[in-house]
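Asker: Now for the letters of each chain:
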Amino acid sequence: MAAPCAEMEPAAAPRSPGAGELVCARGRNRKAVLCQRCRSRVLLPGAATFARRELFLPSMKKKTTALLASNSPDGDMLQDHWLVDDMFSFENIGFTKDVGNVKFLICADCEIGPIGWHCLDDKKSFYIALDRVSHE
Amino acid sequence: MEPGSGLQRRGGAGREFAAGGSPALSGPQSRRRKQPPRPADFKLQVIIIGSRGVGKTSLMERFTDDTFCEACKSTVGVDFKIKTVELRGKKIRLQIWDTAGQERFNSITSAYYRSAKGIILVYDITKKETFEDLPKWMKMIDKYASEDAELLLVGNKLDCEVDREITRQQGEKFAQQITGMRFCEASAKDNFNVDEIFLKLVDDILKKMPLDIMRNELSNSILSLQPEPEIPPELPPPRPHVRCC
Chain Y
642 MAAPCAEMEP AAAPRSPGAG ELVCARGRNR KAVLCQRCRS RVLLPGAATF
692 ARRELFLPSM KKKTTALLAS NSPDGDMLQD HWLVDDMFSF ENIGFTKDVG
742 NVKFLICADC EIGPIGWHCL DDKKSFYIAL DRVSHE
Chain G
10 MEPGSGLQRR GGAGREFAAG GSPALSGPQS RRRKQPPRPA DFKLQVIIIG
60 SRGVGKTSLM ERFTDDTFCE ACKSTVGVDF KIKTVELRGK KIRLQIWDTA
110 GQERFNSITS AYYRSAKGII LVYDITKKET FEDLPKWMKM IDKYASEDAE
160 LLLVGNKLDC EVDREITRQQ GEKFAQQITG MRFCEASAKD NFNVDEIFLK
210 LVDDILKKMP LDIMRNELSN SILSLQPEPE IPPELPPPRP HVRCC
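Residue numbers (the numbering used here), protein chains in the order written: chain Y, 642 to 777; chain G, 10 to 254.
Where hints are given, some of them may not hold.
[Claimed, not checked] In silico SDA-like links for lysine to any residue, alpha-carbon gap of 20 Å or less:
#1 Y:K764 - G:A120
#2 Y:K738 - G:T108
#3 G:K100 - Y:N733
#4 G:K198 - Y:C679
#5 G:K100 - Y:L685
#6 G:K100 - Y:K764
#7 Y:K738 - G:S119
#8 Y:K765 - G:P46
#9 G:K209 - Y:N733
#10 Y:K738 - G:K99
#11 G:K99 - Y:P686
#12 Y:K672 - G:R47
#13 G:K99 - Y:R682
#14 Y:K738 - G:T66
By construction, these hints were calculated from the structure, which means they are not laboratory data.
Computed from a prediction, not measured in an experiment: that's the story for all the values here.
Just need the whole structure built from these sequences, with the hints factored in.
Answerer: Have a look at this one:
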């Protein structure tokens with residue numbers, strides 16, 4: 642289901658509408674990253690770098706779709722992410738149990754998600770999808 | 010990134026954590042980033058254990074019956090969380106592991122216990138058998154946990170007072186038998202005392218910890234907590250019997 646843990650594209654201009662103003666000149670997040678639903682603080686400003694990589698995240702709202710159903714099309718292929726190399730860079734974040742070699746990232750407080758992606762093969766990459774969080 | 014590289018010894022911070030102390034200053038040696046957000050001062054691992062159905066998972070969550078991602082929750086499940094709290098002017102990152110689904114006493118891998126600085130042992134005040142299980146849990150703690158891990162006993166489901174089977178005094182008495190164990194009652198459903206539980210535990214951990222140990226407490230690896238053989242090759246020395254009831 643998810644893209645293989647291969648190379649990552651270098652930072653590039655975000656494709657999400659309005660995402661450009663979220664990235665500072667040094668490629669970092671200009672604003673704090675918050676949960677869209679409960680405003681739980683995920684990342685402080687400047688804590689992450691912008692990264693583009695195609696990652697599939699299951700839909701946030703569907704109640705019954707199993708993340709485990711690897712052929713389930715119910716989700717989004719997302720391009721624009723905030724990337725950190727240390728899980729302790731997060732202010733608050735939740736990790737799901739393993740789905741294959743992937744852990745999905747969810748809000749630590751209200752557990753909405755997935756908002757991000759982590760592959761167990763790459764211990765230094767934790768992605769948060771820009772489209773699945775708020776910025777403030 | 011080296012594990013713990015975000016942590017720096019604070020100049021002149023000493024080992025005192027005076028309330029309202031001045032905020033930590035960024036050391037000159039912050040090589041990681043030029044202008045990083047203030048890194049966490051400490052990283053601590055906390056595990057939540059207890060018999061099935063006592064509400065361990067609820068203690069880790071804020072909204073127990075109101076979650077969007079049912080798929081995340083019931084199909085895959087939450088593995089662990091990182092939460093940030095501020096206490097005594099320090100910013101602490103907690104890595105909280107819920108052991109739900111591993112309620113058989115011997116099924117929680119020793120790695121969970123070994124690396125935990127705080128252990129929250131939960132029972133259900135409305136289910137006597139979960140209280141009676143506590144000595145068995147203590148045996149596991151004695152066997153695997155670090156001797157200096159802080160222990161907090163939590164009588165959960167305070168919202169079900171009418172069905173109470175275990176008095177507050179019984180819980181207190183159990184905790185008193187164990188060196189350094191704290192006790193409180195809580196309701197994860199009402200979120201009563203839940204945040205306080207974590208703060209209390211962190212406070213106790215901080216009070217006990219010398220600064221130099223704190224810097225490199227946690228590895229950055231999830232894999233280090235993957236299941237391992239039932240009997241680990243090397244066991245830490247058992248805790249002194251004084252802890253065991």
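Asker: Run every hint past the structure and note whether it holds.
Answerer: Taking the hints in turn, this is what the structure says about them:
The suggested pairing of K764 (chain Y) with A120 (chain G) holds, with an alpha-carbon distance near 18 Å, which does not exceed 20 Å. With a CA separation close to 12 Å, the supplied pair K738 (chain Y) and T108 (chain G) stays within the 20 Å bound. The straight-line distance between the Cα atoms of K100 (chain G) and N733 (chain Y) is roughly 12 Å, inside the 20 Å bound, and the hint therefore holds. For the hint linking K198 (chain G) to C679 (chain Y), the alpha-carbon distance of about 18 Å falls within 20 Å, and the restraint holds.
Distance check on the hinted pair: K100 (chain G) and L685 (chain Y) sit about 13 Å apart at the alpha-carbon level, within 20 Å; holds. The suggested pairing of K100 (chain G) with K764 (chain Y) is violated, with an alpha-carbon distance near 24 Å, which exceeds 20 Å. For the proposed pair K738 (chain Y) and S119 (chain G), the alpha carbon gap of about 18 Å is at most 20 Å, so the pair holds. Annotation: proposed proximity of K765 (chain Y) to P46 (chain G) holds, straight-line Cα distance about 18 Å (limit 20 Å).
Only pairs whose Cα atoms come within 20 Å are accepted, and K209 (chain G) paired with N733 (chain Y) is accepted, the gap being roughly 19 Å. This hinted pair does not check out: K738 (chain Y) and K99 (chain G) have alpha carbons roughly 30 Å apart, beyond 20 Å. Restraint check for K99 (chain G) and P686 (chain Y): satisfied, since their Cα atoms lie roughly 19 Å apart, inside the 20 Å limit. A hinted pair counts as satisfied when its Cα atoms are at most 20 Å apart, and K672 (chain Y) with R47 (chain G) qualifies at roughly 15 Å.
Pair hint K99 (chain G) plus R682 (chain Y) holds up; C-alpha atoms about 17 Å apart against a cutoff of 20 Å. Between the alpha carbons of K738 (chain Y) and T66 (chain G) the distance comes to roughly 14 Å, so the proposed pair stays at or under 20 Å and holds.
Hint violations for this structure: numbers 6, 10, all remaining hints satisfied.
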